[in-house]
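K.L.:
With chain E fixed as given, assemble chains F and X onto it according to the hints.
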Amino acid sequence: MNLTGVSGAIVAIIASLAIVACGGSGSSSTSSGGTSSTSSGGGGSATINGAGSTLAEPIYQQWGSSLSSQGLTVNYQGTGSGAGIAQLQAGTVDFAASDPPMKPTEVAAGKGPVAQFPIAFGAITVSYNESGVKSGLKLDGKTIADIFLGKVKNWNDPEIAGLNPGVKLPSTAITVIHRSDSSGTTKGFTTFLSDYSPAWTAAAGKPDKIVNWPIGTGAKGNAGVAAAIKQTPGAIGYLDQTFALQGGFTYASVKNSSGHYVLPSLTATAAAAIGIPIPANLAISTINSPNPAAYPIVSQTFLIVYHDMCKEGVTKSAAAGVKKFITYGLGPGQAIEKQLQYAPLPPTILAKDKAQLATLTCNGSPLT
Amino acid sequence: MTASGGRSGLERSRLGRLPDRVFEIGLRSLAAAVLLLIAYFFARLIGQSSAAFGHIGVLNFIFRNNWDVAQLQPGGACTTANDLHCTFGAWALVLGTLISSAIALVIGVPVAVATALYLTELCPRRARQPLSILVDLLAAVPSVVYGLVGLLVLIPQLSGFQQSLANTFSFLPFVGGQVAGPSYFIAGLVLAIMILPIVSAISREVISTVPSEHKEAALALGATRWEMIRIAVLPYARPGITGGAMLGLGRAIGETIAVVLVIGASTKLGQSIFQQGYTLAAAPANEFAEAAATPVHRSALFAAGLILFVLTLAVNIVARRFVVRGTRGRFGATVVFTPELEAEGQ
Amino acid sequence: MSALPEVSARRRRTDVLMRGLLAAGTVIALIPLLLVIYTLLKKGLPAFSMNFFTTDPNGNFLGYPGGIRSAIVGTILVVALAALISIPIGIAVALYLTEYGKESRFANLVRYFVDVMTGVPSIVFGLFVYMVLVLGHVGGGFAAWKGSVALSLLMIPIVIRSSEVVLLLVPASLREAALALGAPRWRVVTRVVLPTSLSGLVTGSLLAIARGAGETAPLLFTVFGANVLTANLGQQMNTLPLQIFSDVQQASNALVTRAWGAALTLVLMILVLNVIARLASIRSRAS
Numbered sequence: 001m002n003l004t005g006v007s008g009a010i011v012a013i014i015a016s017l018a019i020v021a022c023g024g025s026g027s028s029s030t031s032s033g034g035t036s037s038t039s040s041g042g043g044g045s046a047t048i049n050g051a052g053s054t055l056a057e058p059i060y061q062q063w064g065s066s067l068s069s070q071g072l073t074v075n076y077q078g079t080g081s082g083a084g085i086a087q088l089q090a091g092t093v094d095f096a097a098s099d100p101p102m103k104p105t106e107v108a109a110g111k112g113p114v115a116q117f118p119i120a121f122g123a124i125t126v127s128y129n130e131s132g133v134k135s136g137l138k139l140d141g142k143t144i145a146d147i148f149l150g151k152v153k154n155w156n157d158p159e160i161a162g163l164n165p166g167v168k169l170p171s172t173a174i175t176v177i178h179r180s181d182s183s184g185t186t187k188g189f190t191t192f193l194s195d196y197s198p199a200w201t202a203a204a205g206k207p208d209k210i211v212n213w214p215i216g217t218g219a220k221g222n223a224g225v226a227a228a229i230k231q232t233p234g235a236i237g238y239l240d241q242t243f244a245l246q247g248g249f250t251y252a253s254v255k256n257s258s259g260h261y262v263l264p265s266l267t268a269t270a271a272a273a274i275g276i277p278i279p280a281n282l283a284i285s286t287i288n289s290p291n292p293a294a295y296p297i298v299s300q301t302f303l304i305v306y307h308d309m310c311k312e313g314v315t316k317s318a319a320a321g322v323k324k325f326i327t328y329g330l331g332p333g334q335a336i337e338k339q340l341q342y343a344p345l346p347p348t349i350l351a352k353d354k355a356q357l358a359t360l361t362c363n364g365s366p367l368t
Numbered sequence: 001m002t003a004s005g006g007r008s009g010l011e012r013s014r015l016g017r018l019p020d021r022v023f024e025i026g027l028r029s030l031a032a033a034v035l036l037l038i039a040y041f042f043a044r045l046i047g048q049s050s051a052a053f054g055h056i057g058v059l060n061f062i063f064r065n066n067w068d069v070a071q072l073q074p075g076g077a078c079t080t081a082n083d084l085h086c087t088f089g090a091w092a093l094v095l096g097t098l099i100s101s102a103i104a105l106v107i108g109v110p111v112a113v114a115t116a117l118y119l120t121e122l123c124p125r126r127a128r129q130p131l132s133i134l135v136d137l138l139a140a141v142p143s144v145v146y147g148l149v150g151l152l153v154l155i156p157q158l159s160g161f162q163q164s165l166a167n168t169f170s171f172l173p174f175v176g177g178q179v180a181g182p183s184y185f186i187a188g189l190v191l192a193i194m195i196l197p198i199v200s201a202i203s204r205e206v207i208s209t210v211p212s213e214h215k216e217a218a219l220a221l222g223a224t225r226w227e228m229i230r231i232a233v234l235p236y237a238r239p240g241i242t243g244g245a246m247l248g249l250g251r252a253i254g255e256t257i258a259v260v261l262v263i264g265a266s267t268k269l270g271q272s273i274f275q276q277g278y279t280l281a282a283a284p285a286n287e288f289a290e291a292a293a294t295p296v297h298r299s300a301l302f303a304a305g306l307i308l309f310v311l312t313l314a315v316n317i318v319a320r321r322f323v324v325r326g327t328r329g330r331f332g333a334t335v336v337f338t339p340e341l342e343a344e345g346q
Numbered sequence: 001m002s003a004l005p006e007v008s009a010r011r012r013r014t015d016v017l018m019r020g021l022l023a024a025g026t027v028i029a030l031i032p033l034l035l036v037i038y039t040l041l042k043k044g045l046p047a048f049s050m051n052f053f054t055t056d057p058n059g060n061f062l063g064y065p066g067g068i069r070s071a072i073v074g075t076i077l078v079v080a081l082a083a084l085i086s087i088p089i090g091i092a093v094a095l096y097l098t099e100y101g102k103e104s105r106f107a108n109l110v111r112y113f114v115d116v117m118t119g120v121p122s123i124v125f126g127l128f129v130y131m132v133l134v135l136g137h138v139g140g141g142f143a144a145w146k147g148s149v150a151l152s153l154l155m156i157p158i159v160i161r162s163s164e165v166v167l168l169l170v171p172a173s174l175r176e177a178a179l180a181l182g183a184p185r186w187r188v189v190t191r192v193v194l195p196t197s198l199s200g201l202v203t204g205s206l207l208a209i210a211r212g213a214g215e216t217a218p219l220l221f222t223v224f225g226a227n228v229l230t231a232n233l234g235q236q237m238n239t240l241p242l243q244i245f246s247d248v249q250q251a252s253n254a255l256v257t258r259a260w261g262a263a264l265t266l267v268l269m270i271l272v273l274n275v276i277a278r279l280a281s282i283r284s285r286a287s
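Taken in sequence, the protein lines are chains E, F and X. At position 111 of the first sequence the residue is numbered 111 (our numbering), and the sequence of numbers has no breaks. At position 16 of the second sequence the residue is numbered 16 (our numbering), and the sequence of numbers has no breaks. At position 149 of the third sequence the residue is numbered 149 (our numbering), and the sequence of numbers has no breaks.
So here's chain E without its partners, still in its complex pose:
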């Protein structure tokens, strides 16, 4: 075997693959000399980069998939809400996705004022993998907190049995699964727990994207929690409904603020968004919604960009691409959310989102 011949063959293969790549890529473009991570292109093709919430990841990936045929390439990395915000603050992504809105301190640590767009609502289920327990186990906030505190150790504990008279519960031990990364889903879930259990706040601290879990196994991302629950008999964890449905998990009926036990569903999730206060900066929260028909652990999720993207380092074409992305999301994207089992925006919030979109600027002038 002639070695130079082999090396030549390898170079030829690489070269031909590169040619195929160039020819096959639908949105390849030359990079501009800007200070951002995105590129400019001719004829309406652009690439935008985002990172953040794993709860919302299915939505953005699906929108990106639909938009790729229209010349917009969307790279989204599900790194967790906290990491997404951090990337936006550092200026390495064009948009961030976070379930909780950015705190004033977080905005101050970034490069400039931000615009936060509520995008969808997802139910945070309390999913479990215990063959002896069917779906719809009735649990209330205090009991769930006690489970995650380690006070309730087995499935047939009196506290659980008391809420579910007549249901046969196995004596297996409960394994708690929680998030190990900085997670908006955690913040939503712990907000709910804090509302019903002062003991929880005392042990784990204030609701936040990362808390001091007293017990349990950590996993990364909603997907990681789903994988961990799947692999561990007797496990219980908090998980966005889309992931729970994909994994075929059983989940609990949780008691809401009006005393009803509600199973997560599209209607119950959508109900959580009705009747909540809407501040001027659209930083809404749907946890423990006052609506009597609502599932109590519904999380909102935001798409966050700088108010003046170009000033903070995003190229003009990428900024235009982000606007196209959000416009699509507030339009046909809402129907896609329903298919993925997220509740779309009610008309009031949708209108405010569209109004906010129109106020985005690029270096001072309105963004087209």
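Since the hints were made in silico from the structure, they are not lab data. Some hints could be false.
Dumping the calculated DSS-like pairs for lysine-lysine here, alpha-carbon to alpha-carbon at most 25 Å [said to hold, decoys possible]:
hint, chain 1, residue 1, chain 2, residue 2
1, E, K138, E, K153
2, E, K311, E, K323
3, F, K268, E, K153
4, E, K151, F, K268
5, E, K206, F, K268
6, E, K311, E, K134
7, E, K338, E, K324
8, E, K316, E, K111
9, X, K43, E, K230
10, X, K42, E, K230
11, E, K230, F, K215
12, E, K134, E, K206
13, E, K255, E, K103
14, E, K323, E, K103
15, E, K324, E, K311
16, E, K134, E, K153
17, E, K138, E, K151
18, E, K134, E, K151
P.N.:
Just chains F and X, lined up with the frame of chain E:
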């Protein structure tokens, strides 16, 4: 070539020597550039870690057990460098690194040395080459694939085994109790598999340098094959094998991706070796995205990387006193030649 | 001549036992390899299909999640750029060490630091490039070429060391003969030393490339990842290790299967490189 007119035809003019000088200076500058790059790399790494060290001190960083990321977030207690509420320490990471590597050595080195002894002393001649190649092939598998197999095959299959080990040996400290799926033990097991080729290859080379007179003398005196190995081979090869084990240790300490997938990334020190843990290499891989905008957090991750680097450096320097790879000898050290494995990162 | 003392039954038993243990140890050492190969084939082959190699990950949450085309192309591009950077530099530095520097203090200093670099965990290189190039916003945020830079930092010491070994094997007599004929030093290097050691240099380079292709940690915070096929090295790009790392942590069976298929593909690519390199080295040692 005939000389003509006094000057030898082979002597080149000053001008003729110019390309040579240019070539030499070019190559030397390149080597110097590489050196400068390495120095810059050191400097940058130390510079990046200085914020974290400056805040709580190097010793505190290493020995304090409080890798509480929540405090390091923007809006948390550690936003400014002189925030008095900000304390953190990487002891859980350091200990996790040491524990998983120790488990890797305990499991991997005996198997590697046994393999080396078998392949050099006992194996039928024709099987030696193919079997050696098979063992070396472990080094070519990328670490992410080991992580994949560890996470999706070893953890589910071995959870029962881990529990029975925990129960049987529960009298030992840090063994009994509940078993998590991902654990120090699984990480140590995966690392053992990853260091197997390097320890085995070096041991093989070292054992093959044992002078045959020693072996023949033992056999001539009536020793059985095992006794010959015990008397003639092992004592002679022990320093080299120790060096190989240390190089394996260095590899285990620095492994990132396979460990981050199977150790569970728990910021608290696990109660037993069958619980989740964390290592110095896994922390940056896991948390860099969250730390992008928090200088203190980022600095802490760099500091963890620096400590990791210093650890690997120390282990490799000590290893070099026992075994030297390549062609340059060192006083007392055994010289082995394993180019393929070097390139495979082992 | 008196006969040697009889080997006692106890000693014979120990002998048989220990030899059995050593053989068992070897079998144990082979189990992981067989396990990896078996699992890769069993779980990875079902992923293989025409679609798998010709479509990109499409982000579909329900239904077919797409193939790994962009990952394969991305790996080739990122590693090719890393090779383009590291191999010439590595061979050049090795040439300096063997032809000019030899045992001088400067050369030994270079050798020592190169030795030091081979022990650096790959994630530390990734952190360095992240700090200097990504957060420093050199030409944008995450980009494929920055991943190549991180990989080449890893590969350069490997290429230097393996090349130096190969170059030292060139007989001094060949060099001296060329010098005696009046050839200038640089001609000796380019016309005599390099061609003689070419196959060894190629072997070392191929192995360094195989190493770079399998690395994930340096790419985590430099390339960051993508879905769509792109040949633009100034953008985020998909690569096989990143794709596997991302898919393995998912709960969806389709994604996990894709992870296995991608892992099998990556291992096959690396295996091919290794086989070529080993065959070349056997041939060059034989000649």
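K.L.:
For each hint, tell me whether it holds in the structure or not.
P.N.:
Tested hints:
no.	hint	in the structure
1	E:K138 - E:K153	holds (17 Å)
2	E:K311 - E:K323	holds (15 Å)
3	F:K268 - E:K153	holds (21 Å)
4	E:K151 - F:K268	holds (20 Å)
5	E:K206 - F:K268	holds (19 Å)
6	E:K311 - E:K134	violated (54 Å)
7	E:K338 - E:K324	holds (20 Å)
8	E:K316 - E:K111	holds (17 Å)
9	X:K43 - E:K230	holds (18 Å)
10	X:K42 - E:K230	holds (21 Å)
11	E:K230 - F:K215	violated (56 Å)
12	E:K134 - E:K206	violated (32 Å)
13	E:K255 - E:K103	violated (29 Å)
14	E:K323 - E:K103	holds (23 Å)
15	E:K324 - E:K311	holds (19 Å)
16	E:K134 - E:K153	holds (18 Å)
17	E:K138 - E:K151	holds (18 Å)
18	E:K134 - E:K151	holds (22 Å)
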